[in-house]
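Novice: Using the sequences and the accompanying hints, generate a full structural model.
One line per chain: the protein sequences are X, B, L, R and D, in this order. Sequential numbering from 202 applies to the first sequence in my numbering. Sequential numbering from 1067 applies to the second sequence in my numbering. Sequential numbering from 10 applies to the third sequence in my numbering. Sequential numbering from -10 applies to the fourth sequence in my numbering. Sequential numbering from 1131 applies to the fifth sequence in my numbering.
Bear in mind the hints are in silico, worked out from the structure with no lab data behind them. Mixed in with the good hints there might be a few duds.
Claimed, not checked - Within a straight-line C-alpha distance of at most 30 Å, the following computed DSSO-like cross-link-like pairs (lysine-lysine) qualify:
hint, chain 1, residue 1, chain 2, residue 2
1, X, K210, L, K117
2, L, K481, R, K172
3, D, K1192, L, K605
4, L, K411, R, K122
5, B, K1196, R, K189
6, R, K230, R, K1
7, L, K115, L, K38
8, L, K481, R, K132
9, D, K1379, L, K605
10, L, K605, B, K1118
11, R, K87, B, K1196
12, L, K343, D, K1405
13, L, K343, L, K416
14, L, K617, D, K1199
15, L, K225, D, K1405
16, B, K1088, L, K411
17, R, K146, B, K1088
18, R, K189, B, K1160
19, L, K437, B, K1091
20, L, K605, D, K1250
21, B, K1091, L, K558
22, R, K172, L, K408
23, L, K38, X, K210
24, L, K416, L, K378
25, R, K87, L, K477
26, L, K408, R, K59
27, L, K268, R, K172
28, L, K558, L, K450
29, X, K322, L, K537
30, L, K12, L, K139
31, D, K1252, D, K1405
32, R, K172, L, K477
33, X, K329, L, K115
34, D, K1405, L, K228
35, R, K1, B, K1118
36, D, K1405, L, K537
37, R, K87, D, K1284
38, L, K268, B, K1091
39, R, K132, B, K1169
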Amino acid sequence: MSVSNPNWKPKIVAFCCNWCSYAGADLAGSGRMAYPADVKIIRVPCSCRVNPLFILRAFERGADGVIMCGCHPGDCHYTSGNYFARRRMTMLFSMLDYLGIERGRTRVEWVSAAEGAKFSKTMNEFVKTIYDLGENRKLGDLRCKK
Amino acid sequence: MENHVQMLTETALRISGVNPQKCMKCGKCSGTCPSYDAMEYHPHQFVAMVEKGQIEKLMESDSIYMCLSCMACVERCPRGVEPGKLVEAVRLMKIRQQDQNRKNGNDIAAFADENVPQQLLMAAMRKYRK
Amino acid sequence: MQKIGVFVCWCGSNIAGTVDVEAVSEAMKSVPGVVYSANYQYMCSAAGQKLIADAIHEHHLDGIVVASCSPRMHENTFRKTAEAAGLNPYMVEIANIREQCSWIHKDKEEGTAKAIVLARTAVAKLLHNKPLQAGTSAVTKRALVIGGGIAGIQTALDVADAGYEVDIVEQRPTIGGRMAQLDKTFPTLDCSACILTPKMVEASQNEKINIISYAKVEKVDGFVGNFKATIRKKARFVDETKCTGCSLCMSKCPSKKGKDEFNMEMNNRPAIYIPFAQAIPNVAVIDPEQCLKLKTGKCGLCEKVCTAGAINYKQQDELIEREYGAIVVATGFKPIDPSPLNEYGYADNADVITSLELERLMNAAGPTKGTLLRPSDLQHPHEIVFIQCVGSRCDENTKRGKPYCSKICCMYTAKHAMLIRDKYPDTKVHVFYIDVRTPGKNFDEFYRRAVEQYGVDYIKGMVGKVAKEGDKLMVRGSDLINNQQVEIAADLVVLATAIEPDPTARSIGTMLTASMDTNDFFTEAHAKLRPVESPTAGIFLSGVAQGPKDVPETVAQASAAAAKVIGLLAKDHLVTNPCVAYSNELLCNGCSQCEKVCPYGAITYIEKEVRGPGVREVRRIAQVNPAVCQGCGACTVTCPSGAMDLKGFANKQIMAEVDAICL
Amino acid sequence: MIYSYYPGCTLKDRAKEMDKYARASAAALGIELREIPEWQCCGAVYPQASDEIASRLSAVRALMNTEEGKLVTMCSACHHVIKRTNYDWNRDADFRMKATNYMKPEVPYDGSTQVLHFLEVIRDEIGFEELKKKVVNPLTGRKIGAFYGCMVLRPGKELAFDDPENPQIIEDFIRALGAEPVKYPYRNECCGAYVALENKNCAETQVDRALNSAIANGCEELITACPLCMYNLVENATRHKLPVRYFTELLAEALGVKEG
Amino acid sequence: MARIKQRAIELLSDGTVMRVIGWEKGEGNCDWSPALFENAAEMENFVYGDYAGANLSKYCLKFNRQEGKTLVVLKPCDTLSFRQLLHEHRIDREKFYVIGAGCKGMKDEKGGLLKCSACKGKEFEVYDEIIDDEEAQKTTALMDRMAGVIELEKMTAQERFDFWRGELSRCIRCNACRNVCPACSCIKCVFDNPASGVQSKAPVTDFEENMFHIIRAYHVAGRCTDCGECSRVCPQNIPLHLLNRKFIKDMNELYGDYQAGVGENERTPLTSYTKEDAEPGIVYERGNA
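Specialist: The following block contains the structure:
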């Protein structure tokens, strides 16, 4: 967990569905509910649009944490998208854990359009988790051949 | 004092596992309770009073010994509040205090005749003393 | 190489206060692809938009990034600006540097750095954007209304009034629904039949309305504007065109053991029957379960007495296929069966009845011809107890009923209590209630009249047990206000049972891919702003199918649904969302995985000759119907080969964003 | 078929006949009730508080000592306590941990024991149709009411014995023995026995109401599975009286094994 | 073997089938490989027995659109792959004549195959006829199929990490695993497609080689029947099946028991859901961190 570079700032990608979580993020903004600038949001129509490939890609390109937000189960704009997303992410997270990647670098949170405060709180928590975990070395280290 | 009340309330909630906030105050528990007339505080009042932190009042009342543990209120509550468990919790909180046995072993033994089944005596041992 | 322009908005001081907009627009100039970058106080103003339009012309831009407020705010504005300037509207990307940057950060350096990343990310995405064209699809100018109760009838009448054809499909032999079973309606106490039956007649006589009764929708394909439904019209064994509704057959039928559904099965009816005198269509139907001729081959009395020659024992189910532009779900409700809550003794005592059963007992056309007699011994009840909220407002884990308030019970119980006290002043009426809920015009006044004028005894508390003792029903409950347990010896107990969606609702919802809540009520597209539309385009909601409501609310919603239907049918073409999925046929395996996750049934498979570099063969490939696809992207992730992609949110676009953020 | 059997203390003393008839009937039905070794009193009341650990241990021991996988109970109270303790064991990790730490068993209880009331054995394992075939002494013409009381039925979710508001297992049982079951509304209400020491009045009211209701509906005799109910229905009846028997006695009678 | 061979020749001769997919001997005694036989004469080289470990179902893809029927010999576990391909509409049932061949566990030069030690049973999911013998039916699994996964789960995250770094860094991206896998059967693989965004022929950055295996396992999750071919063919002996089995174990535990290639249901755990599914965070609450 050592942070070798004292100036290190984490890179955090947040995938947000258009209908709930992106709107929730907007609400956090209009309510001036701060969270660290390390979080950058990518808008997707639905959490079911988030391909595990995107998450792996982010890690490959040096992301330190990836969080996916969607409508609460049962509230998906497309009825069932987040249910599929939930299973997909569960499987991906389990695989990353199985490969020995630190827990907590990936997270899923359901944030409705009304939950600006939850969005902000979630992002604050997540950023803290990533700071605690430090730089994403393991996914990087996986690259090293013996 | 404030702290004491809070502690008692928390204990009652914790050991009973009841969430009185689920109550919609319909009074079904009291409508179904066979021991209603013997109670100073009725089942729905137990729920409301615990919610408001009035545990001590309940502990001092004989009502806690009147519950038949018949579970009718637990079964029929439309909100799943389980008032019977609260009564039990408050009773336990009372008799767990020092020297607060409702009856001692001799009182209970005195009750026995040739017909009283063992389990009734055993139940009394459990219900009235620690 | 594309030419991209970046426009950084100050939003007054909203953005400029925490983001150095000058630095952002300056930084953008060195981003590959960007040929123009500017900042302005209010980009959404007319002047701001002109600035963008001028830049598009002057620099021959083929894409723009506006770094401003949330795209939920002004994406459409800037798309229109771009379009007016001759740019494809989908060559616009928004970098949200207000809600997701300036408003949540205080440090200007930090805010500026993040704004640069966000703008850079939008440029990265835009480099992969392709011009998109919104498609169009035709609209079949006919509506299907599923359910012929007051909701369905009202919607059909209003749609027909606007000049469009409507088919009503009703599962029972007659339209009219639950309202036909009611005696009086609150809060005006007018006779239900008197206001409903004229509407039924009006529907049957309207030449734009086609009533398909004793039928069910079996299959629905297609999409908004272009639905195709298969309707099974069950055999009535009576020729609808010949039957005159004289009901002679009913009096001659020797089988009298059928349960009279219209009277809540409180009496029997013949095997051949017309559900009630004002039925529409006023045509008999044979119950094949009860008919001796159909069961044993012996009888045929109805055929002999029918002067119209309408009886046809060989009649078969008929399948009707029709096309519709819009579908209205008006499937209504039924009361729950209170038997499992047997502390009320419904299962064991004839004199414990539901409110809908009471309606029939009080109705002149009911089993007792409108005289209130209790079922067990047909005696006048002198003491009646009403119990509210039976099976409503329950915690779901208790399995004791529905979690919702059924909404209509407080009012109809007040109505019943009042009517009984009015007609039989010697009868005592008690109502056990938890809350009396009367939000509605003249509703609370109505309830107060029951108490103050009619002397109905309202007891705040709930009933724990109903037990028969002799010829009385002992009702034990709590009276919370008087702080006592009460026991009332009643002659009749009436349960205000919760209402639930009609049992057919779930299968219809699945068929239409219209979403439902866990209670099987249809979900509206937006609880406040789109209350009569399903999230599935082209499906509209009318009446209790969407949630508990009374007659006036149902009629209002039915007309609202009709307005939405008319708005749809009035269009010749529908513009479709261009951000839809598409399948690259060269990559598609035809493995059918994507179809499984599509909530709209937008994906089909065809055998097609695929041609590409070094490829020319017939393959099974997926095809997306762009008019049906709503663009969620579930299929794109399920597709293992990456053949399925989403326009506007393509794999390449999202990966470019990822890369830009992680740069 | 061999079942582990938990008789409970009342069946060793005041309710000896309940046990005797149960064993005789079981033999006639071709099953063996094998008494588990060294059982202790179940505690008679189920302690409803989550922090009551020690008072649930004897039930856990009984569950652990069940060699046959299925533990049969006869007395309603024992059934209630053991069944609910088993329910807790499988759902409350905290209780499981504390109880295990307290007992320090060689092999911790794995929660797999199935607790069956003897009536459930008859309904679910033997079947009322089979029982009917074994009846040698049909009780034709007798009008018998079931007094369920509270403990076998509630809470319905945990006991899962029968529909707590509309039970029919004992009625089906009576019918299988050739008699006519009589349903009456108070058959699933509490007899009031738990407070008999303090509040005889309450017990009397409950019993009178039940008996009155039973008689009004045509009962000529009652059966019960609960020694407490038995005591109360007999001792605290003030206005009405009905003969009350244990269900096992009725069973033994119908199976022709009541004598000897 | 003789019975299978004889029957195949019969079916070729009477025109029922136009070709046979089976095995033939290689240079050594133990290296039997899949082969195509188009007439009775070629069938002379047909073999079946202890070294017929290869799963032939994937070859059906090649012959699905060709004229006439193809006879394919499938062992019980192979029929699961075949069924899965049917589920995915990649092959038509009527284009194939399936001889279910009894199997008592297969070997290679080093002894019993790894996949056979976790045998999934002797039931045939699909067949036109079964040619089997008593002995074959008796054999059962020698070990718990999930033992390897459980062992890894018991390790600490660091140990798991070290384990996989050791294993995956040996990968030479020969694509043998991909080529043999009946589930990994895309017409064009994402790794070969420049438009996919993950294209890579040989690993350019080494991260990609890990990506390759994770993505491959993910792409076949829910569709992988655990036929074990990937590990069997890996020249570097990377235990790739441990990736697939991890997904299988997770899906069984979280979404209910499921075996790809069994039964009529075309939906996999990843194309279905229940409203009560566990939240992704559950994976952080299990096992060792």
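Novice: Each hint needs a verdict: does it hold in this structure or not?
Specialist: Against the structure, the hints:
1. X/K210 x L/K117: Within the cut-off at roughly 17 Å; holds.
2. L/K481 x R/K172: holds (16 Å)
3. D/K1192 x L/K605: holds (25 Å)
4. L/K411 x R/K122: violated (43 Å)
5. B/K1196 x R/K189: holds (23 Å)
6. R/K230 x R/K1: With a Cα-Cα distance of about 26 Å, the restraint between R/K230 and R/K1 holds, given a limit of 30 Å.
7. L/K115 x L/K38: With a Cα-Cα distance of about 25 Å, the restraint between L/K115 and L/K38 holds, given a limit of 30 Å.
8. L/K481 x R/K132: Cα-Cα ~22 Å, so holds.
9. D/K1379 x L/K605: Holds. D/K1379 to L/K605 sits at ~22 Å (cutoff 30 Å).
10. L/K605 x B/K1118: Judged against 30 Å, a Cα distance of about 52 Å means the pair is violated.
11. R/K87 x B/K1196: Answer holds: R/K87 to B/K1196 is near 20 Å, not above 30 Å.
12. L/K343 x D/K1405: Holds: L/K343 and D/K1405 sit about 26 Å apart, inside 30 Å.
13. L/K343 x L/K416: holds (14 Å)
14. L/K617 x D/K1199: Roughly 22 Å separates the two Cα atoms, so the pair holds.
15. L/K225 x D/K1405: Distance ~29 Å between L/K225 and D/K1405 Cα, so the pair holds.
16. B/K1088 x L/K411: holds (15 Å)
17. R/K146 x B/K1088: holds (18 Å)
18. R/K189 x B/K1160: holds (23 Å)
19. L/K437 x B/K1091: holds (26 Å)
20. L/K605 x D/K1250: OK: L/K605 and D/K1250 at ~27 Å, within 30 Å.
21. B/K1091 x L/K558: holds (24 Å)
22. R/K172 x L/K408: holds (25 Å)
23. L/K38 x X/K210: holds (25 Å)
24. L/K416 x L/K378: With Cα atoms ~29 Å apart, L/K416 and L/K378 stay inside 30 Å; holds.
25. R/K87 x L/K477: violated (47 Å)
26. L/K408 x R/K59: holds (28 Å)
27. L/K268 x R/K172: holds (26 Å)
28. L/K558 x L/K450: holds (14 Å)
29. X/K322 x L/K537: It holds: about 27 Å lies between the C-alpha atoms, which stays within 30 Å.
30. L/K12 x L/K139: Holds, because 13 Å separates the two Cα atoms, which is no more than 30 Å.
31. D/K1252 x D/K1405: Violated - the C-alpha atoms of D/K1405 and D/K1252 are around 35 Å apart, more than 30 Å.
32. R/K172 x L/K477: holds (11 Å)
33. X/K329 x L/K115: holds (18 Å)
34. D/K1405 x L/K228: holds (25 Å)
35. R/K1 x B/K1118: Measuring from Cα to Cα gives roughly 46 Å; hence the hint is violated.
36. D/K1405 x L/K537: holds (25 Å)
37. R/K87 x D/K1284: Holds - the C-alpha atoms of D/K1284 and R/K87 are around 25 Å apart, at most 30 Å.
38. L/K268 x B/K1091: At roughly 40 Å apart (the allowed maximum being 30 Å), B/K1091 and L/K268 break the hint.
39. R/K132 x B/K1169: violated (42 Å)
When the structure is compared with the earlier hints, violations turn up for hints 4, 10, 25, 31, 35, 38 and 39 and for no others.
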